[in-house]
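Start from the sequences and build out the full structure, keeping to the hints where you can.
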Amino acid sequence: MDFHQRGAIPSLEAAGASSSFLDFVTQSNPALLPFGRSLPAGQLPPTPHGTTIVALTFAGGVLMAGDRRATMGTMIANRHIEKVFPADRYSVLGIAGTAGIAIDIVRLFQVELEHYEKIEGTLLSLEGKANRLGAMIRANLPMALQGLSVVPLFAGVETDGSVGRLFSYDVTGGRYEELEHHSVGSGSVFARGALKKLWRPDMDQAGAVEVAVEALVDASDDDSATGGPDLVRKLWPIVYVVTDDGATRVPAETLASVVHGIVDRRTAEGREA
Amino acid sequence: MSQQFYVSPEQIMKDRADFARKGIARGRSVVVVSFAGGIALVAENPSPTLHKIGEIYDRIGFAAVGKYNEFESLRQAGVRYADVRGYSYDRADVTARGLASVYAQSLGTVFTAEQKPFEVELAVAEVGPTQAMDHIFRLTFDGSIADEQGFLAMGGQAGLVQQRLADVWGGGADLALTLSWAVAALRAPREAAAGPGQPEPLDAASLEVAVLERDVREVRGTQRAFRRLPEADVAHILTSSGKA
Chain Z
41 MDFHQRGAIP SLEAAGASSS FLDFVTQSNP ALLPFGRSLP AGQLPPTPHG TTIVALTFAG
101 GVLMAGDRRA TMGTMIANRH IEKVFPADRY SVLGIAGTAG IAIDIVRLFQ VELEHYEKIE
161 GTLLSLEGKA NRLGAMIRAN LPMALQGLSV VPLFAGVETD GSVGRLFSYD VTGGRYEELE
221 HHSVGSGSVF ARGALKKLWR PDMDQAGAVE VAVEALVDAS DDDSATGGPD LVRKLWPIVY
281 VVTDDGATRV PAETLASVVH GIVDRRTAEG REA
Chain Y
53 MSQQFYVSPE QIMKDRADFA RKGIARGRSV VVVSFAGGIA LVAENPSPTL HKIGEIYDRI
113 GFAAVGKYNE FESLRQAGVR YADVRGYSYD RADVTARGLA SVYAQSLGTV FTAEQKPFEV
173 ELAVAEVGPT QAMDHIFRLT FDGSIADEQG FLAMGGQAGL VQQRLADVWG GGADLALTLS
233 WAVAALRAPR EAAAGPGQPE PLDAASLEVA VLERDVREVR GTQRAFRRLP EADVAHILTS
293 SGKA
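Just so you know, the protein sequences line up as chains Z and Y, in that order.
Using my numbering, you'd call the opening residue of the first sequence number 41 and step up by one each time.
Using my numbering, you'd call the opening residue of the second sequence number 53 and step up by one each time.
Calculated from the structure, these hints are not laboratory results.
Being a predicted model, the structure only gives us computed values, none of them experimental.
Where a beta carbon is used, it is the ideal one built from N, C-alpha and C, also for glycine.
Among the hints, erroneous ones may be present.
A short list of chain Z residues far from chain Y (calculated; beta carbon distances all over 10 Å) [said to hold, decoys possible]:
{"no.": "1", "residue": "Gly82"}
{"no.": "2", "residue": "Gly113"}
{"no.": "3", "residue": "Glu122"}
{"no.": "4", "residue": "Glu154"}
{"no.": "5", "residue": "Ile159"}
{"no.": "6", "residue": "Leu181"}
{"no.": "7", "residue": "Gly214"}
{"no.": "8", "residue": "Arg215"}
{"no.": "9", "residue": "Glu218"}
{"no.": "10", "residue": "Ser226"}
{"no.": "11", "residue": "Ala246"}
{"no.": "12", "residue": "Lys274"}
{"no.": "13", "residue": "Asp304"}
Partial selection, computed: residues in chain Z whose CB lies under 7 Å from chain Y [stated by the list, open to error]:
{"no.": "14", "residue": "Phe61"}
{"no.": "15", "residue": "Phe64"}
{"no.": "16", "residue": "Leu72"}
{"no.": "17", "residue": "Arg119"}
{"no.": "18", "residue": "Val151"}
{"no.": "19", "residue": "His155"}
Have a look at the derived ranges for each label pair, beta carbon to beta carbon [said to hold, decoys possible]:
{"no.": "20", "chain 1": "Z", "residue 1": "Leu72", "chain 2": "Y", "residue 2": "Val271", "range": "31 to 39 Å"}
{"no.": "21", "chain 1": "Y", "residue 1": "Asp285", "chain 2": "Z", "residue 2": "Gly168", "range": "37 to 45 Å"}
{"no.": "22", "chain 1": "Y", "residue 1": "Ile64", "chain 2": "Z", "residue 2": "Thr212", "range": "56 to 64 Å"}
{"no.": "23", "chain 1": "Z", "residue 1": "Val272", "chain 2": "Y", "residue 2": "Glu270", "range": "50 to 58 Å"}
{"no.": "24", "chain 1": "Z", "residue 1": "Gly187", "chain 2": "Y", "residue 2": "Pro100", "range": "46 to 54 Å"}
{"no.": "25", "chain 1": "Z", "residue 1": "Val303", "chain 2": "Y", "residue 2": "Pro100", "range": "52 to 60 Å"}
{"no.": "26", "chain 1": "Y", "residue 1": "Glu283", "chain 2": "Z", "residue 2": "Lys237", "range": "45 to 53 Å"}
{"no.": "27", "chain 1": "Z", "residue 1": "Ser60", "chain 2": "Y", "residue 2": "Leu102", "range": "16 to 24 Å"}
{"no.": "28", "chain 1": "Z", "residue 1": "Arg77", "chain 2": "Y", "residue 2": "Phe57", "range": "54 to 62 Å"}
{"no.": "29", "chain 1": "Y", "residue 1": "Lys74", "chain 2": "Z", "residue 2": "Thr212", "range": "55 to 63 Å"}
{"no.": "30", "chain 1": "Z", "residue 1": "Lys274", "chain 2": "Y", "residue 2": "Glu283", "range": "43 to 51 Å"}
{"no.": "31", "chain 1": "Y", "residue 1": "Met65", "chain 2": "Z", "residue 2": "Thr199", "range": "42 to 50 Å"}
{"no.": "32", "chain 1": "Z", "residue 1": "Glu198", "chain 2": "Y", "residue 2": "Pro100", "range": "20 to 28 Å"}
As structure tokens, then:
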């Protein structure tokens with residue numbers, strides 16, 4: 041028997057990898073993956089970069105918000121871009137960094153989670169999802185060394201749970217659980233300062249939306265690559281909320297009134313922000 | 053060296069087909085029925101974990117009878133095919149017709165080239181925007197493929213079950229009526245076996261039910277139409293339609 045000599049049972053060996061879409065595509069068709077190619081030496085032309093993402097926990101879940109700007113050097117490449125996505129029913133992710141690769145990594149991650157669910161008939165645990173995302177970011181490390189880095193922020197609740205958890209990553213795929221709130225991207229320094237002052241334990245969902253939007257407003261105030269709410273074009277941040285009901289997008293009308301509230305208050309105060 | 057006897061190709065194919073048919077007929081039946089709100093997939097299956105019905109993609113479901121390990125590996129291969137296709141093109145480009153023809157090719161190859169054919173029969177169903185645009189494909193062990201109109205039955209005594217469905221099926225039915233048709237059809241082999249006596253009951257606990265919902269995007273805000281109905285819901289629907 042051939043497989044006895046190799047000390048493995050072929051079907052079990054194959055089944056070990058079969059729940060992961062990433063593993064399957066890596067073996068069968070690696071050209072489909074956003075990463076894993078070696079770039080020749082040369083100057084990379086400017087590419088769009090996504091900027092600031094904030095996430096925070098509140099009583100009953102977790103929330104993630106992102107601004108709408110992509111920049112290419114000093115140019116605004118896109119003012120409608122969406123950088124926060126639902127990963128599956130109970131988790132969301134936001135991305136900062138090279139937009140082209142980041143959006144493909146998001147797509148890959150969404151398929152990865154859905155694929156596992158369909159093959160195994162059950163959802164991955166939240167830690168399991170966070171680890172899979174880390175593996176994808178690590179696979180992108182060669183591209184990051186060429187300047188095409190992607191830094192995600194991942195948030196979710198355990199299936200049918202209501203305790204929100206946050207995970208941040210570095211370009212090597214290192215995964216770090218964050219408490220209370222976190223932010224990534226070029227405006228994250230300013231957003232985090234705002235979050236430290238605004239975040240309160242046991243905020244409700246509406247309060248959390250206000251805090252997230254205000255943190256993004258502060259980031260856009262000091263970081264030229266972060267887009268503030270656009271009252272002329274009626275562009276609001278993308279905000280997703282995850283509770284035990286699942287991930288839902290906060291509707292534009294809610295965000296419009298939150299943004300107007302912040303702008304009106306600051307206009308009335310008339311201070312240097 | 054022993055002498056190899058000549059066996060005609062017709063005989064080989066017939067033996068293989070008989071072997072596969074026998075394996076499939078031992079199992080219990082599965083029905084797939086189109087109705088106003090989508091497509092119902094109903095299996096007689098006492099196990100709550102070893103599924104005969106599964107999700108393939110957004111609007112595509114899968115049902116099978118026969119040997120579990122064989123149709124489970126086919127189901128997983130179908131999920132991989134659909135996910136790779138949807139990832140490399142777009143979610144809208146994954147169709148039941150494409151999947152069914154890939155299944156037909158694999159089943160056909162295994163039937164002629166492998167030591168033994170797969171003892172399975174598959175159904176691939178895709179829910180469309182209207183009932184007229186639903187697709188239900190039947191795939192048999194030898195790789196033949198059939199486009200069924202409105203409903204199909206497969207498994208043990210499939211002819212009897214199929215006939216029972218053909219007698220009652222009509223367009224525009226709701227879920228409760230459709231489930232009652234499905235259960236009545238699945239019960240047909242038991243009634244035939246019991247003769248004039250009392251047939252074994254067929255209750256919600258021994259049914260596996262899933263639905264591909266037609267208006268899932270509008271109603272649930274997701275594109276994945278496949279939904280398993282919990283046993284309690286099935287029991288409730290059957291009781292309210294007076295068939296339990």
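So the hint says 56 to 64 Å: do the beta-carbon atoms of Ile64 of chain Y and Thr212 of chain Z match that?
holds, 58 Å
Pairwise beta carbon distance, Val272 of chain Z to Glu270 of chain Y, judged against the given window 50 to 58 Å
The hinted range 50 to 58 Å is violated for Val272 of chain Z and Glu270 of chain Y, with Cβ atoms some 32 Å apart.
Supplied contact hint for Val151 of chain Z, tested at 7 Å Cβ to chain Y:
holds, 5 Å
Cβ-Cβ distance between Ser60 of chain Z and Leu102 of chain Y: within 16 to 24 Å?
Holds - the Cβ-Cβ distance for Ser60 of chain Z and Leu102 of chain Y, about 22 Å, lies within 16 to 24 Å.
Checking a non-interface call: every C-beta of chain Y should be farther than 10 Å from the C-beta of Glu218 of chain Z. Is that right?
Its Cβ never comes within 10 Å of chain Y, the nearest being 28 Å, so this holds.
Verdict on Gly82 of chain Z as a residue remote from chain Y, using beta-carbon distances over 10 Å:
holds, 27 Å
Check the non-interface label on Leu181 of chain Z: least C-beta distance to chain Y beyond 10 Å or not.
holds, 22 Å
I want to verify a distance hint. Is the separation of the beta carbons of Gly187 of chain Z and Pro100 of chain Y within 46 to 54 Å?
holds, 52 Å
Claimed clearance of chain Y by Glu122 of chain Z, with the beta carbon kept past 10 Å
holds, 16 Å
Status of the given 54 to 62 Å range, CB of Phe57 of chain Y versus CB of Arg77 of chain Z
At 56 Å between Cβs, range holds.
Taking 10 Å as the cut and beta carbons as the points, is Gly214 of chain Z off the interface with chain Y?
Holds, because the least Cβ-Cβ distance between Gly214 of chain Z and chain Y comes to about 26 Å, which exceeds 10 Å.
Between Met65 of chain Y and Thr199 of chain Z, does the C-beta distance stay in 42 to 50 Å?
Distance hint for Met65 of chain Y, Thr199 of chain Z holds at roughly 49 Å.
Comparing the model with each numbered hint stated earlier shows that hints 4, 5, 17, 21 and 23 do not hold.
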